[in-house]
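Q: For the sequence shown, UniProt numbering gives the first residue as 1, with consecutive numbering after it.
No wet-lab data here; the hints were simulated from the structure. One thing to keep in mind: the hints can contain errors.
Unchecked claim - With a straight-line cut-off of 30 Å between C-alpha atoms, the simulated DSSO-like cross-links for lysine-lysine are:
(1) Lys113 <-> Lys44
(2) Lys124 <-> Lys79
(3) Lys75 <-> Lys113
(4) Lys79 <-> Lys44
(5) Lys75 <-> Lys116
(6) Lys124 <-> Lys5
To be verified - If you anchor each label on the Cβ, the simulated ranges turn out as follows:
(7) Lys79 <-> Ala48: 14 to 22 Å
(8) Gly18 <-> Leu39: 18 to 26 Å
(9) Ala15 <-> Cys120: 27 to 35 Å
(10) Gly37 <-> Lys116: 38 to 46 Å
(11) Lys113 <-> Ser26: 16 to 24 Å
(12) Thr63 <-> Pro100: 27 to 35 Å
(13) Pro100 <-> Ile123: 18 to 26 Å
(14) Asp76 <-> Pro119: 17 to 25 Å
(15) Lys124 <-> Phe64: 16 to 24 Å
Everything numeric in this text was worked out from a predicted model, so none of it was measured. Just so it is clear, CB atoms sit at the ideal spot from N, CA and C, and this is done for glycine as well.
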Amino acid sequence: MKRLKDWCVYCLLSADCGRTYVGVTSDVHRRIRQHNGELTGGAKAARAGRPWKVVCTVHGFTTFSQACRFEWSWKDVSKRTSHKAERMCTIDTSMVEASPVVGKRRAALERVKSSKDWPCLDIKWHFTHKDV
1 MKRLKDWCVY CLLSADCGRT YVGVTSDVHR RIRQHNGELT GGAKAARAGR PWKVVCTVHG
61 FTTFSQACRF EWSWKDVSKR TSHKAERMCT IDTSMVEASP VVGKRRAALE RVKSSKDWPC
121 LDIKWHFTHK DV
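All chains, please: the whole structure from these sequences, using the hints.
A: The following block contains the structure:
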């Protein structure tokens, strides 16, 4: 029996900690190597921030379409998330202080996750102060 792919939405942080990038993949390790230029196929939008580090992965999607819908929602809410809303969110404030762009993405993720469409996701943050 063929195993279904486990689709993942991920968030990357640029080397200068000034930008984030959100994408979809079934192989995070291969995709980060593509974004960092080690393998061909990285997104054009990610070229300027090299090298990138994975700061968050979201698992629990059974289809590519489902993962893409979540990615779009996360990006859309991120655009509309103000720094005030980010500070009011129940997230680790030290993360926001260390990297405001990661804090903004995390606040947006909390809003998307709380919607009825995404009840059972496995979210892992890989961000520490050493990343800044």
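Q: In ascending order, which of the hints set out earlier in this document are inconsistent with the structure?
A: Violated hints: none at all, because every hint is consistent with the structure.
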